[in-house]
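Kindly produce the complete structure, drawing on both the sequences and the hints.
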Amino acid sequence: MDRRDALAKMFSAKGVRVNTNRGEAYYEKLRETMEKRLNELRQTPAATKMDIHKALDAEGLSRRDFMKWASAITAMLMLPASFTPLVAEAAELMNRVPVIWIELQDCAGNSEAILRSDSPTIDELILETIDLEFNETLMAAAGHQAEAHLDEAMETFKGKYICVVEGSVPIGAGKEWCTIGAKAETFEEHLLRVAGNSAAVVAVGTCATFGGVPAASPNPTGAVGVQDIVKGKPIINIPACPANPANITGTIIHFVLTGQIPELDHLNRPKFAFGYRIHDNCERRAHFDAGEFVEEWGDEGAQNNWCLYKMGCKGPMTFNNCSIVRYNSGTNWPIGAGHGCIGCSEPQFWDKYAYERPMADANIKAPTGGVEKSVDEFGLGLLTAAGVGIAIHAAVSVAAGKKDEE
Amino acid sequence: MAEVRLELIEKIEGEAQVRYHYEKDHIDFAEILFLTGRGIERILEGRDPWDALAINPRVCGICGHAHLIATVRALEDCYDDLQVSAKAKQIRELTLAFEVLQNHFKWFYLTILPLLELKAPMERVLEPSRLLGEMIALLAGQYPHNSYAIPGGISGEITPVELLGVRERHQRIRKHFQESVIHVDLEQFVRCDRIETMLEREGDLPRAMQRILDWGWERLGRSHDRFIVFGSNDLFEAGKSIGTRLRRHLDLRYLQESPIQGSRARRVLYRGRSYETGPLARAMLLKTPLTREAHRRYGDSLFSRILARVCEIPRLLRYTESLIGSIDLSEPAWVDPGPLPVEAEGVGIVEAARGSLIHQVRVGEGKIQKYRIVTPTQWNLGNGSREDPGVAQAALIGLRRGDPAELVFKSFDVCSVCTTK
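From first to last, the protein sequence lines are chains A and B.
In this text, residue positions in the first sequence follow this note's numbering: the first is 1, and each later residue adds one.
In this text, residue positions in the second sequence follow this note's numbering: the first is 1, and each later residue adds one.
Hints listed in this document are in silico derivations from the structure and should not be mistaken for laboratory results.
Values in this document were obtained by computation on a predicted structure and should not be read as measured data.
Backbone N, C-alpha and C fix where the C-beta goes; we use that ideal spot for every residue, glycine too.
It is possible that part of the hints are untrue.
To be verified - No farther apart than 16 Å at their CA atoms in a straight line, the calculated lysine to aspartate or glutamate pairs in the EDC-like style are these:
id, chain 1, residue 1, chain 2, residue 2
1, B, K367, A, D351
2, A, K54, B, E123
3, B, K370, B, E293
4, B, K89, B, E331
5, A, K352, B, D48
Unchecked claim - To list a few chain B residues with every Cβ distance to chain A over 10 Å, as calculated:
id, residue
6, K24
7, D81
8, R174
9, D214
10, D225
11, Y270
12, L317
Here's what the structure looks like:
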């Protein structure tokens with residue numbers, strides 16, 4: 001492949017192909033499934049104390065705020081706008097779905113991002129109203145009492161609960177070093193036990209999905225992701241370091257709505273969140289297309305918010321919706337602070353992408369294909385690629401809601 | 001007959017275990033063990049030094065920003081006399097202080113109040129921690145885990161719009177703190193030096209401190225009465241304090257670390273002795289009026305420790321307010337430090353929420369040869385022997401059955417993910 005082709009392929013790969021319009025018949029059937037599911041849930045008793053409307057009231061949020069949120073989630077899940085009332089109802093019924101949240105080899109950053117520091121946006125309120133049967137950081141009970149509660153919850157909701165996992169699983173030499181509870185279960189045993197009786201497993205954050213920073217070379221503890229350990233269960237991966245709360249809520253809402261897990265890509269990531277690259281919807285994309293790059297920190301480009309690709313931004317290689325959803329209640333995201341994406345939701349980002357220096361020195365192969373090239377080798381083609389870039393950019397911008405061309 | 005009781009300490013940042021050894025009706029010895037670990041320091045060895053900027057914030061999801069700033073300072077220290085702009089320095093100080101503030105609010109409301117069986121509306125903690133997360137995000141991109149600080153400065157151009165967003169949120173936090181926590185004007189509170197004056201008010205802090213007094217716990221949790229602070233800036237002063245006797249000079253060569261049998265954490269000593277670090281230590285070094293008064297009455301007890309941490313909030317609020325007001329946006333965000341020396345050593349020190357955080361890096365042949373991280377929890381919860389107990393151990397030993405051992409333990413605020421790395 002010559003340089004132009006490699007470049008064109010790298011920036012025009014379709015990724016996982018998100019089908020956003022499947023035709024009326026499909027959505028009619030989906031609506032029926034969802035209505036049936038929600039009806040069933042409505043019959044079951046609320047397992048938790050919290051109810052979303054109480055939570056909203058306490059925060060001074062109105063029904064209108066709630067519906068606004070519901071329509072945003074509907075769009076994020078790539079459902080037609082007419083599904084908004086169903087999504088809202090699913091949120092109201094969240095307290096019927098038991099969730100057991102366990103922390104393994106982690107930094108607590110996901111719990112932090114999701115359950116505390118951002119609150120109280122509606123996303124996080126929703127997460128607080130789920131029937132959180134067990135979470136070490138949040139629950140009132142601690143120690144032995146908490147352990148007993150876990151056993152009880154696993155028994156009561158056998159086969160029905162969602163098991164959310166944060167953190168990687170050490171299976172290397174010295175795995176006996178990471179133990180939990182009074183019986184000194186290894187993390188692997190603990191995970192297998194809790195995941196074993198669940199309906200589905202949601203791996204949250206890059207550690208739980210792909211091993212994360214603990215798995216960085218030389219991987220001293222032999223850390224792996226949940227999918228390497230748990231077999232024979234549906235597994236949903238929500239990578240990123242930390243994972244975006246919106247994507248976790250979206251996944252759980254989907255489960256509430258359908259009783260099923262959302263459509264996943266080849267890495268078990270929900271397509272609604274990981275169907276596009278950071279680059280596809282980046283606020284600085286126009287500067288990439290125009291060939292305007294930050295060449296060093298603090299230069300004219302940096303002052304004018306130009307493209308960070310040459311500073312090592314991994315946006316073109318990273319599948320995630322940060323550029324749309326952003327972080328901290330939508331306040332900002334790394335590129336907004338003038339720092340390139342480090343690819344924190346990609347497998348092996350800790351070894352492949354954790355470079356601060358430009359990719360010119362890093363020799364990186366894009367996951368979408370193409371040959372291993374450095375940015376300077378690509379450099380010649382960059383200006384000419386602008387044309388290609390604009391076409392792709394335009395295509396992606398209108399993709400949501402439009403007919404799938406495939 | 002001695003009895004050993006195992007307590008699992010969850011609801012902290014990670015998991016720890018405490019083994020209480022009871023002799024009749026009192027705790028005769030306590031072992032504090034951390035049973036998880038990731039080996040981050042080993043992961044750093046052999047890597048390009050710049051990789052540390054992406055890896056290290058991820059040591060901890062609770063105080064990861066402190067780790068980022070410590071990393072940047074350690075790398076900058078590898079250069080000869082690298083000067084970053086005042087603006088970059090001020091903005092780093094701001095985001096760092098916001099993280100500390102966020103931790104203080106969360107610890108007080110989510111850890112301490114429930115242990116005192118006091119209730120407060122959830123938004124009193126959710127609101128400030130959300131706002132502080134947003135303030136960091138405005139300047140640094142996201143919270144937790146961002147990489148906006150780089151050797152030479154910061155990556156982005158901060159505009160007046162971001163500063164306005166920060167300022168507006170800052171005012172809301174200040175108002176919230178005055179109304180809910182201390183129930184008095186902030187300036188007046190900072191000058192206050194009488195416990196009784198503070199207790200006369202209705203805020204959550206007076207409520208908590210009154211409860212400790214009512215239950216007769218104010219003298220519990222006393223330890224070695226030795227304090228150490230490594231970081232200094234316009235707010236904090238470095239040094240050590242044995243009781244109230246100050247020594248300003250510290251030398252990192254006297255820092256010793258030793259492995260702990262059966263635990264993933266290492267113990268750290270200064271000239272062979274254990275020291276308490278954190279807000280109480282910082283207040284002892286600064287001799288802030290209210291904390292000094294508490295210490296005079298009750299020593300280094302849980303009362304003084306809790307009071308000192310909450311009393312740091314108004315100081316941090318005033319400090320950040322003056323920082324916001326003094327930033328000159330026309331200064332450069334970044335100065336080119338040139339390539340990192342191929343052979344170098346650097347130290348980065350940060351005053352994090354729980355105390356002094358120290359990063360030490362040795363670069364050889366352009367790679368990280370050795371990276372050492374000493375965290376606040378290692379100082380405070382390092383496990384020693386019966387003859388030479390660590391800080392929290394000494395605070396626990398001697399407690400009777402029915403005494404609030406968990407409160408004593410958590411008055412130090414454990415960050416176990418940091419500690420085991």
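Going down the list of hints, with the structure as the test:
1. B:K367 / A:D351: 15 Å, holds
2. A:K54 / B:E123: 13 Å, holds
3. B:K370 / B:E293: 43 Å, violated
4. B:K89 / B:E331: 11 Å, holds
5. A:K352 / B:D48: Given that 16 Å is the threshold and the Cα spacing comes to 12 Å, the pair holds.
6. K24: Holds: least Cβ distance 23 Å, greater than 10 Å.
7. D81: 19 Å, holds
8. R174: Consistent with the label, R174 (chain B) stays out of reach of chain A, its closest Cβ about 19 Å off (over 10 Å).
9. D214: 23 Å, holds
10. D225: For D225 (chain B), whose nearest Cβ neighbour in chain A is about 29 Å away, the distance exceeds 10 Å, so it holds.
11. Y270: 27 Å, holds
12. L317: Fine: 18 Å to the nearest Cβ keeps L317 (chain B) off the interface.
Comparing the model with each numbered hint stated earlier shows that hint 3 is the single one that does not hold.
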